[in-house]
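K.L.:
Listed below, chain by chain, are the residues.
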Amino acid sequence: MNRQSRFIVSILAFGYAFLYVPLVLVVVYSFNDSRIATVWGGFSVRWYGELFRNEQILDAAFLSVRIALTSATIATVLGTMAGLALARFRRFKGRTLFSGMITSPMVMPEVITGLSLLLLFVALQQTTGWPGQRGFGTITIAHTTFAMAYVAVIVQSRLMSMDESLEEAAMDLGGHPLRVVFDITLPLIAPAMAAGWLLAFTLSLDDLVIASFVSGPGSNTLPMYIFSKVKLGVSPDINALATLIIGFVSIGVFAAWLITRRKTS
Amino acid sequence: MNWRRIAIAAPYLWLLVFFLAPFAIVLKISLADPVFGQPPYTQSVSLDSFAFLFTDKIYVITYLRSVLMAASATFLCLLLGFPMAYGIARSRPATRSLLLMLIILPFWTSFLLRVYAWMGLLNNYGTINTFLLWAGVIDQPIPFMYTDFAVFVGLVYSYLPFMILPLYASLERMDLDLVEAAQDLGASRSRAFWDVTWPLARPGVVAGCLLVFIPAIGEYVIPYLLGGPESLLIGRVLFDEFFVNLDWPLASAVAIILLLLLVIPIVLLQRYQARDQEGVA
Amino acid sequence: MKNFISIKGVGKHFGNFVAVDNVDLAIEKGELFSILGGSGCGKTTLLRMLAGFEVPTSGSIEIDGIDVTSQPPYERPVNMMFQSYAVFPHMSVEKNIEYGLRREKTAKKEIAKRVDEMLELVQLDDFRSRKPDQLSGGQRQRVALARALIKRPKVLLLDEPLAALDKKLRERTQFELMNIQDELGITFVVVTHDQEEAMTLSSRIAVMNNGKFEQIGTPKEIYEFPHNRFVAEFIGTINTFKGRVSAVNDEKTKVYSTEAGVTLTALGKQLVEEGQQIEVAVRPEKIFVSKDKPEDNGDVCLEGIVDDFGYLGNRSLYRIRLKSGKIVQVSSQNRRRSVTRFLTWEDRVWISWHPNSAVVLLD
Numbered sequence: 001m002n003r004q005s006r007f008i009v010s011i012l013a014f015g016y017a018f019l020y021v022p023l024v025l026v027v028v029y030s031f032n033d034s035r036i037a038t039v040w041g042g043f044s045v046r047w048y049g050e051l052f053r054n055e056q057i058l059d060a061a062f063l064s065v066r067i068a069l070t071s072a073t074i075a076t077v078l079g080t081m082a083g084l085a086l087a088r089f090r091r092f093k094g095r096t097l098f099s100g101m102i103t104s105p106m107v108m109p110e111v112i113t114g115l116s117l118l119l120l121f122v123a124l125q126q127t128t129g130w131p132g133q134r135g136f137g138t139i140t141i142a143h144t145t146f147a148m149a150y151v152a153v154i155v156q157s158r159l160m161s162m163d164e165s166l167e168e169a170a171m172d173l174g175g176h177p178l179r180v181v182f183d184i185t186l187p188l189i190a191p192a193m194a195a196g197w198l199l200a201f202t203l204s205l206d207d208l209v210i211a212s213f214v215s216g217p218g219s220n221t222l223p224m225y226i227f228s229k230v231k232l233g234v235s236p237d238i239n240a241l242a243t244l245i246i247g248f249v250s251i252g253v254f255a256a257w258l259i260t261r262r263k264t265s
Numbered sequence: 266m267n268w269r270r271i272a273i274a275a276p277y278l279w280l281l282v283f284f285l286a287p288f289a290i291v292l293k294i295s296l297a298d299p300v301f302g303q304p305p306y307t308q309s310v311s312l313d314s315f316a317f318l319f320t321d322k323i324y325v326i327t328y329l330r331s332v333l334m335a336a337s338a339t340f341l342c343l344l345l346g347f348p349m350a351y352g353i354a355r356s357r358p359a360t361r362s363l364l365l366m367l368i369i370l371p372f373w374t375s376f377l378l379r380v381y382a383w384m385g386l387l388n389n390y391g392t393i394n395t396f397l398l399w400a401g402v403i404d405q406p407i408p409f410m411y412t413d414f415a416v417f418v419g420l421v422y423s424y425l426p427f428m429i430l431p432l433y434a435s436l437e438r439m440d441l442d443l444v445e446a447a448q449d450l451g452a453s454r455s456r457a458f459w460d461v462t463w464p465l466a467r468p469g470v471v472a473g474c475l476l477v478f479i480p481a482i483g484e485y486v487i488p489y490l491l492g493g494p495e496s497l498l499i500g501r502v503l504f505d506e507f508f509v510n511l512d513w514p515l516a517s518a519v520a521i522i523l524l525l526l527l528v529i530p531i532v533l534l535q536r537y538q539a540r541d542q543e544g545v546a
Numbered sequence: 547m548k549n550f551i552s553i554k555g556v557g558k559h560f561g562n563f564v565a566v567d568n569v570d571l572a573i574e575k576g577e578l579f580s581i582l583g584g585s586g587c588g589k590t591t592l593l594r595m596l597a598g599f600e601v602p603t604s605g606s607i608e609i610d611g612i613d614v615t616s617q618p619p620y621e622r623p624v625n626m627m628f629q630s631y632a633v634f635p636h637m638s639v640e641k642n643i644e645y646g647l648r649r650e651k652t653a654k655k656e657i658a659k660r661v662d663e664m665l666e667l668v669q670l671d672d673f674r675s676r677k678p679d680q681l682s683g684g685q686r687q688r689v690a691l692a693r694a695l696i697k698r699p700k701v702l703l704l705d706e707p708l709a710a711l712d713k714k715l716r717e718r719t720q721f722e723l724m725n726i727q728d729e730l731g732i733t734f735v736v737v738t739h740d741q742e743e744a745m746t747l748s749s750r751i752a753v754m755n756n757g758k759f760e761q762i763g764t765p766k767e768i769y770e771f772p773h774n775r776f777v778a779e780f781i782g783t784i785n786t787f788k789g790r791v792s793a794v795n796d797e798k799t800k801v802y803s804t805e806a807g808v809t810l811t812a813l814g815k816q817l818v819e820e821g822q823q824i825e826v827a828v829r830p831e832k833i834f835v836s837k838d839k840p841e842d843n844g845d846v847c848l849e850g851i852v853d854d855f856g857y858l859g860n861r862s863l864y865r866i867r868l869k870s871g872k873i874v875q876v877s878s879q880n881r882r883r884s885v886t887r888f889l890t891w892e893d894r895v896w897i898s899w900h901p902n903s904a905v906v907l908l909d
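Residue numbers (the working numbering), protein chains in the order written: chain X, 1 to 265; chain U, 266 to 546; chain F, 547 to 909.
Honestly, the hints are just simulated from the structure, not real lab data. As the structure is a prediction and not an experimental result, all values here were calculated from the model. Check before you lean on any hint, since a few could be wrong.
With a Cα cut of at most 25 Å, we get these calculated SDA-like pairs of lysine to any residue [as the list claims (entries may be wrong)]: (1) X/Lys263 <-> F/Arg674; (2) F/Lys641 <-> X/Met162; (3) F/Lys554 <-> F/Asn756.
Given only the sequences and the hints, what does the whole structure look like? Please build it.
P.N.:
And the structure:
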């Protein structure tokens, strides 16, 4: 092994340790019996039990999942349309504005997105009476808005790398354009749509800042609840929650990795 | 061709209403004056909020601190991320996909909980201090938490994957023969790196840096959880002006200035991404 | 006989770029017609206008007496085999082939019957339930062919049909295509950049350049009697001699060429005038090379030395330098097996050709 690669290997080792040691510690401490989270007091799963008895957490989690399911689904529908429009309809009025608006929410700082949407909802309420209450509806709209950008970009890049003559061939064989979308385009971009949906779902579950802006009193999403709790310091039941999330995600990502690896080899 | 119109109109309208219109409202409110009431701003038009931002030193300093903090976090991400991305891109295919998956995995876990994980590491009774005390390196805990250092570590930790992925993408695409060709033509190992690898990786470097810098500058969670009361960053100021001081016009003005600050990086990033998309096709 | 496909004054502009420049073309029923040209010459755009993917900026296209100029692709009696084959990756071979009939709402029984016919025609019986990623390039090509033919189109368009195949397979597939075309009697329009492919496949060829046709004719006409330098050089190699027309009559044109150092004769009624600057062209394989001066039998005969040569197995190539410095390429069949070289560098040689072998190139 040469000198440079030894340097690279040590950086890699350091980098991955940097990324994973904090997560591993959270997992370890979640099984700590002690109330002071960082002092080891023996193995225990009591915090998991407490987690499932905590109705506030369960309510918040339920709300978050509902929002994530709804916004991911709407975002996938709208984002797919947008990706299709950008990749396949060559010229239409306002295309530049459209493509600018599609990608902007991805790079906009969350505080700005959150603030501007809240101000919109307030203004709407004053002029139209809707939304009467901020919560599920407003958070779902906010999440849909930035998540559809991700879906659109994923779908668009899949379409760009897809042979356009597949769609032309279907049209040549007698398929009307809309028919071709359902026969050829959608089946072929389905994996991209699924990836987009999953990303949208995760982003929604993960969002704290935007939800904090656009939610009203009484509607706490899971990240909002966690935030209000960890503001006060390390807390053992949050360790347990984090462990569940890390475990769940790891299994999912690892399974996906195994499947794609088998497919490619 | 009706369905085509729907496919364009539905997302278009959504974005006009829920993305573009809100900015117009932010702009309008930033030009109003705060009052006590519902809504807490006047219908008048003035530049008072902006004037206030530039006269009260604290805001100027906060903007500068945010830029500096984001820039140094970006630099450290690059310093750590480049060799990592390089190492991943040059590893054997089987290892490569595993290493890559391990970079992507944290993306899918909660951002908030990953920041939270550092609280347990950095506080006075946290893992690092406990370990250092046990090892006898120190005899009093070092106060890592609630400092700029903690914010800095949090930023680098959270945004490192955003740096590595575009870097990896441009390094992986690169033909290894190019480096060998340069060496064959007499370039030393480091010469070949600066003459071939670095220029070809530059699009990835630009994208990675922007992907870290832009969100880092407006970051709210990290300074709130890991930073001290004196480590003011602009995202937190905006949040507090709005929710604590209820000064909507000022919060809006803070947002507008932040946006102006980010216009150039955002446009750069979009142009890069558009080019990347064309590259795919 | 009425033209089956008639293209009249068709042009296609993309912004300022003229892809196809006001072309006229008539193709007869049952022809295997090739449009030959380099990349960017407009041949693919022309094909896409026939298929309906592009609408001409000007002109009209008629197929079997019906104006299809503005008909969308899904209503035209025309099917296409794409360069990439565009076999639907998420459908089995069978589903791919039956796709067109299903869009026509053909009865199930009829679909099954015709799919069987097609599978037999392209010899893919055993592969009917395979997915495209389990097929070789040649098999995918045949799926694409069957899929396009099952609708019994009036015209089958083929975009670089063989470009994606390796050389051996290409040669075999060429003849398969010709057999299928012969059997079904469908008019084929092929777009290709490969002159050899066009020569073997086609009943007629149109050579295209810069959005226009340079020459339309049978492969033999195109090769033996190229109208101009572009056509002559695009198809095979050719030697050209610049010169001035010294005499012209109904049968022959005499041209004095300083490059050749003699007066050359070219056959045919040419639209040239005395004194005009033109070029006379001779194909390398029409030229004989010998060590001794041949007997005077009316052939053109020039002296030169061997500048370079190459051995290609079935034939040898020689580059002969004339006194004027002009290099002439000669291709000669290696009829006899011989290990020793017949000629080597700087050998003094004679080259000769029959006056009938030379043509006059306009422009």
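K.L.:
Now tell me if each hint is right for this structure.
P.N.:
Structure-based check of all given hints:
In summary, the hint linking X/Lys263 to F/Arg674 is supported, as the alpha carbons are separated by about 23 Å, within the 25 Å threshold. At roughly 20 Å between alpha-carbon atoms, F/Lys641 and X/Met162 fall within 25 Å of each other, so this suggested pair holds. A threshold of 25 Å between alpha carbons decides the hint, and for F/Lys554 with F/Asn756 the separation of about 18 Å falls inside it, so the pair holds.
The structure fails none of the hints (numbered hints given earlier).
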